[in-house]
Amino acid sequence: ADTIKIGVAGPMTGANATFGEQVWTGVSAYIKDVNAAGGVEGKQIELVKGDDACEPKQAVAVANRFVDQDKVQAVVGHFCSSSTIPAAEIYNDAGILTVTPSSTNPIVTDRGFDTMFRTCGRDDQQAVVAGSFILDTLKLTKIALIHDKDTYGQGLVDALKQTLAERGVAPVLYEGLTRGERDFNALVTKIKSSGAEAVYFGGLIPEAGPLIRQLHEQGLSVKFVSGDALAQAEIVTSAGGPQNLTNVYYSSAADPLKDPETADAQAALKKENIAPDNYTLFGYASAQTIVAALQGTKDGDVKSQIEWLRNNDVKSAVGKLAWNDKGDVKDFKFVFYKFDDKGTPVASN
Amino acid sequence: MRDAVLEVENVTMRFGGIVANRNVSFKVKQGDITALIGPNGAGKTTIFNCITGFYRASEGRIVLQSNGRSCNIGDLITKPIVGGSHLVTRAGIARTFQNIRLFKEMSVVENLLIAQHLATTNNLLSGIFKTPRFRRTEVEAIDRAYYWLGQMNLLEDANRLAGQLPYGRQRRLEIARAMCTSPKLICLDEPAAGLNPSETRELSQVIRRLRSDHDLTVLVIEHDMGLVMSIADHIVVLDHGEVISDGTPSEVANDPAVIAAYLGVSEEEVTA
Amino acid sequence: MDFYILAQQLVNGITLGTIYGLIAVGYTMVYGVIRMINFAHGDVYMVSAYIAAITLAVLSFFGVQSVPFALVSVLVITCFVTGVYGWAIERVAYSPLRGSTKLAPLISAIGISLMLQSYVQIAQGARDQGVPILISGAFRFGTEKDFAQITYMQVVILLASIIAMAILTYVINHTQIGRQCRATQQNRAISAVLGVNTDRIISTVFVIGASTAAVGGTLVTFNYGSFNFFIGFVMGIKAFTAAVLGGIGSLPGAILGGLLLGLTEALFAGYVSTDYKDVFAFALLIIILFFRPYGLLGRPEIHKV
Amino acid sequence: MSTAATASKPLLEFVGVEAHYGAIQALKTVDVYICAGEIVSLIGANGAGKTTLLSTIFGVPRASSGQIRHRGEDISRLPTNKIARRGIALVPEGRQIYQDMTVEENLMMGTTAIGMSHFEEDRTAMFDLFPRLKERRNQTAGTMSGGEQQMLAIARALMARPELILFDEPSLGLAPLVVKRVFEVLAEIAAMGKTIFLVEQNANHALKLSQRAYVMVNGKIQLSGDSASLLDNEDVRKAYLGLH
Amino acid sequence: MENALKSHLVMKLAKEALFTFVIALIVLGPISGLVLEGFSFRNELARALALAGTVAAGRVLVSLALSTAIGSSLLQRFSRNSGGGVTVKTGKEKFPYPLLALVIVAGLAFPAFADKYYLGVAILALIYVLLGLGLNIVVGLAGLLDLGFVAFYAVGAYLLALGSQYLGLGFWSALLIAPFLAGLFGMILAFPVLRMHGDYLAIVTLGFGEIIRLVLTNWLEFTGGPNGAPAPPPTLFGLEFTRTARQGGVPFHEYFGIPYSADYKFWLIYIVLFLVVCAVVYAVHRLRAMPLGRLWEALREDEIACRSLGVNHVFTKLSAFMLGASTGGLAGVFFAVHQGFVNPTSFTFFESALILAIVVLGGLGSTVGVILAALVLTILPEVLRDFAEYRVFVFGILMVVMMIWKPRGLVRITRPAFFPSTSSATAMHVNQPLEVAR
Ligand SMILES: Nc1ncnc2c1ncn2[C@@H]1O[C@H](COP(=O)(O)OP(=O)(O)OP(=O)(O)O)[C@@H](O)[C@H]1O
Ligand SMILES: Nc1ncnc2c1ncn2[C@@H]1O[C@H](COP(=O)(O)OP(=O)(O)OP(=O)(O)O)[C@@H](O)[C@H]1O
Ligand SMILES: [Mg+2]
Ligand SMILES: [Mg+2]
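Chains as they are written, first to last, in the numbering used here: chain A, 267 to 615; chain B, 621 to 892; chain C, 12 to 316; chain D, 45 to 288; chain E, 257 to 694.
Treat each hint with caution, since some may be false.
With a straight-line Cα cutoff of 20 Å, these simulated EDC-like cross-link-like pairs (lysine to aspartate or glutamate) come out [as the list claims (entries may be wrong)]:
id : chain 1 : residue 1 : chain 2 : residue 2
1  : A       : K323      : E       : D371
2  : C       : K156      : A       : E463
3  : D       : K126      : C       : D13
4  : B       : K750      : B       : D763
5  : E       : K345      : B       : E725
6  : B       : K724      : E       : E638
7  : A       : K604      : A       : D402
8  : D       : K264      : D       : E62
9  : A       : K608      : E       : E293
10 : D       : K238      : D       : E82
11 : A       : K337      : E       : D642
12 : A       : K323      : E       : E638
13 : A       : K323      : E       : D519
14 : A       : K315      : E       : D642
15 : A       : K271      : E       : D371
16 : A       : K408      : C       : D157
17 : A       : K458      : C       : D13
18 : A       : K489      : A       : E573
19 : C       : K113      : E       : D558
20 : D       : K238      : D       : E148
21 : A       : K323      : E       : D642
22 : E       : K345      : B       : E679
23 : A       : K599      : A       : D579
24 : A       : K586      : A       : E573
25 : A       : K298      : A       : E312
26 : E       : K345      : B       : D763
27 : B       : K724      : D       : E137
28 : B       : K699      : B       : E725
29 : A       : K564      : A       : D579
30 : A       : K337      : E       : D371
31 : A       : K337      : E       : D519
32 : A       : K337      : E       : E293
Quick caveat, the hints were computed from the structure, so don't treat them as lab data.
From just these sequences and the hints, can you work out the full model?
And the structure:
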């Protein structure tokens with residue numbers, strides 16, 4: 267073929283469409299530059315969009331389509347862990363390099379599929395960081411754990427619960443809320459009556475925003491800690507404005523914007539007038555990873571690509587990435603952020 | 621002396637505050653055609669519904685003598701889990717409705733086959749694998765349906781949708797359907813309503829034939845006094861939910877209470 | 012302490028329940044006239060949330076400062092635009108199906124629901140949106156540490172809902188148009204013969220349903236401050252549940268059903284488990300319908316045989 | 045046929061009307077006219093198409109060809125509710141009262157075409173005509189007996205102060221006493237100067253009451269003429285009066 | 257005269273266009289014209305005007321097309337079409353055996369020509385055929401509006417996933433157990449449901465479906481919660497379809513000494529599924545000609561009349577629920593084995609709605625219709641992939657359009673004709689009493 271096809275799979279429709287959009291934006295921004303610079307080995311890269319709406323059923327269809335119809339050589343995706351898990355099996359069978367920008371569930375790489383890599387962290391890594399942040403930095407021990415009963419959120423909270431248990435701390439509250447709802451007042455009152463000093467929330471903005479706002483409205487001054495899903499600009503509007511974010515912290519990759527390694531990517535995005543949203547960066551980084559592997563191996567063989575990724579670093583939009591044998595990023599650095607009075611995230615401590 | 625097939629004893633039926641039947645008692649004798657008449661709203665349909673198990677009488681009891689056994693309708697419909705009005709049909713009472721209730725989007729024959737399901741329902745597998753026994757019962761059921769269509773003069777409509785039939789034919793089909801459950805007692809609620817005089821005459825012959833050829837007892841509600849007077853052996857008159865008269869046609873027709881409440885005219889004028 | 016927690020949960024439940032009730036009204040009324048479960052209703056509510064936020068943004072762009080004025084004008088404009096939505100949807104997707112099977116409009120409604128969601132997503136983006144806090148502060152009862160509160164916004168919600176419901180109840184029970192609605196519900200063919208413009212009545216009902224959803228949508232938007240194109244789904248199912256709980260077709264039933272559902276959720280979440288609160292709510296629904304097959308205030312269809 | 049009507053201009057006129065239910069043709073080139081102040085009856089066997097004829101006036105089903113003229117205007121394409129507002133009322137087959145409304149609300153609905161201004165007055169008149177309804181004014185109509193419902197249906201139609209009233213088998217399922225009463229009421233209504241178009245199975249009563257009549261067979265008008273002459277017609281007597 | 261007519265038409269069209277434009281502007285204006293950005297907005301009014309203009313122009317075009325001769329004749333045919341309902345066969349129709357044989361052969365040969373993507377789509381389509389057939393028993397035949405059908409689908413799918421995890425069940429044993437287990441769930445649901453009428457039944461089934469999904473989501477220890485549970489791949493006589501044996505057997509390709517391909521697994525699933533679908537189609541076809549199937553339909557038409565004929569409506573409904581549920585359970589097993597992984601997001605209310613759409617679009621009660629509709633509604637979203645994010649939008653529009661085009665479904669229902677066994681049958685049985693099981 268005279269082009270190299272790369273599939274980009276994620277939720278382009280449905281409840282999580284906003285993330286799919288970000289990943290797509292990031293990937294296409296990078297690939298555009300690569301193509302402009304002559305492509306890989308003189309071949310242009312062609313992107314194929316696959317919408318799985320975060321449904322496993324569609325994820326499998328998309329994966330089969332990528333493999334059999336579009337004959338892609340690599341895949342960025344999928345977004346949700348619950349989509350990545352069934353799809354990874356198909357890519358692995360077909361020998362296609364797969365890099366997910368966002369599936370943090372440990373199972374994704376723990377199943378021993380060689381072709382599976384991720385540019386994001388793992389829930390259990392993030393949980394360890396969160397545990398020590400709450401216990402050691404904030405020095406709080408009465409913790410309420412709230413999740414959204416979804417793969418990402420619950421995975422994170424359960425891992426944290428495990429971490430806390432290892433430190434001998436039991437949560438004062440462990441509850442799951444329902445995605446799509448907006449009224450968490452009952453839960454907030456329950457948090458209040460539990461006497462929690464910190465709330466750890468595993469979930470996404472649509473629920474995190476109202477939860478933060480309602481905590482404020484009911485006059486609770488607990489610390490609100492959450493994961494990398496909060497690294498989105500709309501948390502400010504969603505939570506009702508910067509004044510509600512004073513006690514909010516979230517962990518995310520070490521601020522890519524500050525990392526000198528990411529300067530090129532920053533500039534590239536800025537040139538295109540693209541907002542450096544969290545998953546735009548991870549999408550960008552995933553695309554960089556794949557292109558790097560393709561350029562580094564040249565023979566088009568997936569085995570050597572895997573080998574190459576295990577042995578080389580990639581300078582990416584989220585910092586320098588290196589992988590272990592499972593496909594997880596080595597020493598993925600999570601850093602905690604809080605918000606200044608304009609609602610811009612700043613590294614805490 | 622013939623036995624009573626059905627005994628209605630002191631039945632009272634209330635709907636909230638409204639008393640639709642008060643202390644109604646009458647007997648239906650084996651092989652008789654008994655007519656139930658009375659002004660609109662007298663409670664005729666309501667007592668029918670009690671007899672056929674669609675309502676549970678608030679007080680009193682209704683007893684059916686069938687195959688040498690007597691069964692209490694009230695007990696049948698209140699049996700736990702399996703109970704219900706369908707047991708009343710199985711005990712031998714069939715009925716038609718004041719407002720026709722056919723399976724409109726099914727064919728005429730299918731309407732009759734459904735009425736025979738008790739004889740034809742084999743187990744699931746025999747039907748799926750078309751066992752010989754299944755085929756035999758199915759053929760028998762179809763033949764029986766055609767027999768009743770012939771009896772009711774509906775043969776040419778056999779494979780039309782029931783809902784497409786003209787009203788008069790729908791009435792007859794409803795009777796044929798009821799007959800397919802092979803009842804001991806058939807309850808007809810205003811079978812002649814909407815029929816013209818010649819059709820009504822035909823209907824009265826059908827009813828007579830049901831009684832004579834098929835050993836059937838008939839209980840009929842009707843406002844057409846011509847029909848009632850010509851076929852009934854026995855008439856029960858209800859007014860305001862109570863029995864005001866009970867006897868032979870001539871006794872009832874001359875009962876001043878009945879004339880005042882219902883007929884409004886003397887008997888001669890009615891039969892003329 | 013416990014007392015305040017209980018009081019707080021009651022406040023939470025009642026506020027939530029009122030909103031369920033407002034949205035449930037749309038289901039109940041539409042069901043009443045054309046016996047159809049309007050599955051697109053939740054998404055009409057979602058659209059109204061967007062319209063409310065857009066209106067507010069436009070008002071503040073033109074420098075409107077007064078909060079009561081902003082609130083009232085947002086409410087009015089949102090009701091109007093959403094009402095037109097209700098009207099248009101009925102014309103386009105349901106009225107051509109009049110007189111066909113009962114389920115055809117149901118499927119059409121599902122199609123409309125997908126369309127609305129997708130349309131809003133494409134036009135406005137998938138990300139979460141928000142509105143600034145307009146009214147803050149609360150009435151507090153109790154001590155500095157132990158207290159129950161009702162926010163001013165919650166008070167506004169309750170007042171607005173009560174007013175909306177009172178107007179609606181009056182219209183349905185005591186005006187010509189209300190009687191015509193009920194008549195059309197019971198027997199459309201004969202109503203037309205008596206001179207009722209049944210098409211207009213059906214449209215009216217859709218407009219009323221959409222407008223009450225818009226009241227709900229506006230209040231929710233101001234109270235919770237955030238929404239996205241997907242909020243219609245969960246709210247739709249909840250409100251539908253409330254409508255059935257109260258007896259679908261019955262206006263007071265919708266309110267009662269909403270309140271019951273809201274309170275159940277708040278108390279179960281507060282005292283037992285948030286995880287299983289929906290399981291409990293649905294189980295309660297099944298149990299109530301088992302003993303009252305027509306809902307709490309629903310009138311049984313008369314089975315005069 | 046329609047030329048016969050030139051003497052007094054017909055109030056309602058069917059000119060070559062046909063109607064279909066899906067593939068079934070229910071009316072075949074029907075020509076019928078009714079002049080103001082007349083009582084005209086239509087008799088025919090079950091399924092002849094009598095009800096269909098009445099319903100096409102209101103456009104359900106729509107006439108597939110031909111015209112239905114009211115005061116000389118073609119109304120066959122008007123929406124149903126507009127037709128009602130022209131002073132035509134129907135007492136439908138099977139009563140069709142509002143089951144869940146009270147008797148009184150049913151009467152209120154009857155005024156839809158003219159508004160509520162005469163309601164009190166007309167209601168009193170109806171209660172005089174049907175004292176039974178007065179007793180039951182707050183009962184849910186669906187729980188009343190057939191006869192009571194029929195009276196309510198007639199009263200409801202009268203509430204619109206119509207000029208032309210269409211009756212579809214008003215005696216169906218009624219006790220003899222009530223049938224008598226209904227026909228008395230029909231006569232009273234006629235005496236008020238209203239035009240009546242009566243569809244009946246009860247040919248005897250209908251022909252005695254009306255001035256002119258039509259006989260319908262299989263969707264076609266087979267016979268028409270003075271009621272008195274039809275009463276003497278041998279075929280009519282045989283088929284519809286049950287006499288030999 | 258001619259001119260007057262024309263200008264009248266033009267006036268009418270202009271009015272129509274203006275009206276549509278104004279309505280479209282009110283409806284579309286705010287959402288597509290003013291895009292929210294933070295607490296402020298971005299002006300896209302040009303887009304809104306363009307959209308409203310397009311809508312108005314479309315409306316005018318449609319009106320114009322309909323006012324032409326061809327258009328109006330189309331419209332007439334269209335309205336005729338939708339008016340028709342059920343018809344009875346004449347009894348002379350020939351059963352299309354050659355066509356049937358062709359379909360079966362083509363179906364069996366399909367994997368030989370298709371790649372994995374087409375095969376995957378075909379498997380999904382067949383799963384929905386199965387689901388449609390199951391729900392058709394409940395909704396189409398018995399007339400019970402079930403909005404929680406997905407519950408039984410979930411039961412089947414989780415049976416395989418959890419069964420293999422806890423009990424060591426494999427694909428084949430799950431396939432055998434699933435109908436019974438799902439049927440049992442159907443029975444549990446049926447008891448509270450059967451007292452209810454019409455739409456109350458709908459909400460209770462919806463609630464049941466949600467309860468099942470919520471329990472699957474919340475009961476972390478048992479079901480794996482949102483993370484779901486893996487489902488084992490199928491085996492054939494103990495041979496596995498994985499690259500290396502995992503369930504303690506021999507891999508298929510090693511046994512036959514052929515190179516490994518992931519396709520074998522899908523071939524097996526497809527063939528088994530196809531045969532199961534054929535069997536279910538046959539069973540449903542038979543059921544409709546059996547007393548039980550007829551009773552379901554009678555119950556749909558008039559429950560009171562059924563009771564007056566001695567039909568135990570409770571048991572009859574129960575049987576419909578259970579058989580429908582069983583079919584749904586079967587479909588679930590295939591889904592799980594095809595996905596290799598199940599989690600609650602596959603069993604949302606939307607899934608129930610989609611299955612219902614299949615049944616309604618197919619024509620309530622029509623088996624052929626359900627099959628067609630299932631194929632259309634599963635293949636359509638795949639075809640629409642080229643529309644990218646407009647996919648769902650277009651799908652929604654098509655759903656509405658299809659309903660308006662064929663409100664009674666793709667296939668018209670016909671009723672079988674029956675004839676007596678002999679011409680003199682009507683004279684028989686005169687005094688032969690019916691042997692009724694009392
Ligand atoms: N389900 C019900 N709920 C309330 N009242 C009822 C119900 N069924 C009947 N009634 C009342 O009981 C009385 C008797 O009604 P029923 O239908 O038995 O009269 P009927 O004698 O059959 O009259 P008709 O000859 O007009 O059919 C009526 O006044 C009616 O209002
Ligand atoms: N909704 C319908 N769909 C299909 N066919 C119909 C429909 N209504 C009536 N028909 C058919 O049209 C024909 C005329 O029916 P119509 O009801 O007008 O007769 P009718 O003279 O009023 O009879 P009846 O005395 O029984 O009231 C009948 O053959 C009937 O089967
Ligand atoms: Mg009666
Ligand atoms: Mg008629």
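Here is what the structure says about each hint:
With a C-alpha separation of about 18 Å, the suggested pair K323/A and D371/E falls inside the 20 Å cut-off, and the hint holds. For the proposed pair K156/C and E463/A, the alpha carbon gap of about 14 Å is at most 20 Å, so the pair holds. Restraint check for K126/D and D13/C: not satisfied, since their Cα atoms lie roughly 64 Å apart, outside the 20 Å limit. Distance hint between K750/B and D763/B is fulfilled; the C-alpha atoms sit about 18 Å from each other, no more than 20 Å.
Using a Cα cut-off of 20 Å, the hinted pair K345/E and E725/B holds, with the two alpha carbons roughly 13 Å apart. Proximity of K724/B to E638/E is assessed by CA-CA distance (about 40 Å); at most 20 Å being required, the pair is judged violated. Distance hint between K604/A and D402/A is fulfilled; the C-alpha atoms sit about 16 Å from each other, no more than 20 Å. Our distance criterion of 20 Å between C-alpha atoms is met by K264/D and E62/D, whose separation comes to about 10 Å.
Note on K608/A and E293/E: the hinted pairing holds, with a Cα-Cα distance of about 16 Å set against a maximum of 20 Å. In summary, the hint linking K238/D to E82/D is supported, as the alpha carbons are separated by about 8 Å, within the 20 Å threshold. At most 20 Å may separate the alpha-carbon atoms for a hinted pair to count; K337/A and D642/E meet this at roughly 16 Å. About 12 Å separates the Cα atoms of K323/A and E638/E, which keeps this hinted pair within 20 Å; it holds.
For the proposed pair K323/A and D519/E, the alpha carbon gap of about 18 Å is at most 20 Å, so the pair holds. The suggested pairing of K315/A with D642/E holds, with an alpha-carbon distance near 9 Å, which does not exceed 20 Å. Distance check on the hinted pair: K271/A and D371/E sit about 18 Å apart at the alpha-carbon level, within 20 Å; holds. For the given pair, K408/A sits about 18 Å from D157/C by alpha-carbon distance, which is consistent with the 20 Å threshold.
The hinted pair formed by K458/A and D13/C meets the criterion: a straight-line CA distance of about 11 Å does not exceed 20 Å. Distance check on the hinted pair: K489/A and E573/A sit about 44 Å apart at the alpha-carbon level, beyond 20 Å; violated. Under the criterion of a C-alpha separation no larger than 20 Å, the hint pairing K113/C with D558/E is consistent with the structure, at around 15 Å. For the proposed pair K238/D and E148/D, the alpha carbon gap of about 23 Å is over 20 Å, so the pair is violated.
Of the supplied pair hints, the one linking K323/A and D642/E holds, its CA atoms being roughly 18 Å apart against a limit of 20 Å. A distance of roughly 50 Å separates the Cα atoms of K345/E and E679/B; the hinted pair therefore is violated under the 20 Å criterion. Taking the CA atoms of K599/A and D579/A, the gap is near 15 Å; set against the 20 Å cutoff, the hint holds. With a CA separation close to 18 Å, the supplied pair K586/A and E573/A stays within the 20 Å bound.
Distance check on the hinted pair: K298/A and E312/A sit about 9 Å apart at the alpha-carbon level, within 20 Å; holds. Simply put, K345/E and D763/B have alpha-carbon atoms about 19 Å apart, close enough for the 20 Å limit, and the pair holds. Proximity of K724/B to E137/D is assessed by CA-CA distance (about 18 Å); at most 20 Å being required, the pair is judged to hold. With a C-alpha separation of about 33 Å, the suggested pairing of K699/B with E725/B is violated against the 20 Å cut-off.
A C-alpha spacing of about 17 Å is found between K564/A and D579/A, which places the hinted pair at or below 20 Å, so the restraint holds. With a C-alpha separation of about 12 Å, the suggested pair K337/A and D371/E falls inside the 20 Å cut-off, and the hint holds. Distance hint between K337/A and D519/E is fulfilled; the C-alpha atoms sit about 15 Å from each other, no more than 20 Å. Taken as a hint, the K337/A and E293/E pair is broken in the structure, with Cα atoms around 39 Å apart against an allowance of 20 Å.
Consistency with the previously given hints fails for numbers 3, 6, 18, 20, 22, 28, 32, ordered from lowest to highest.
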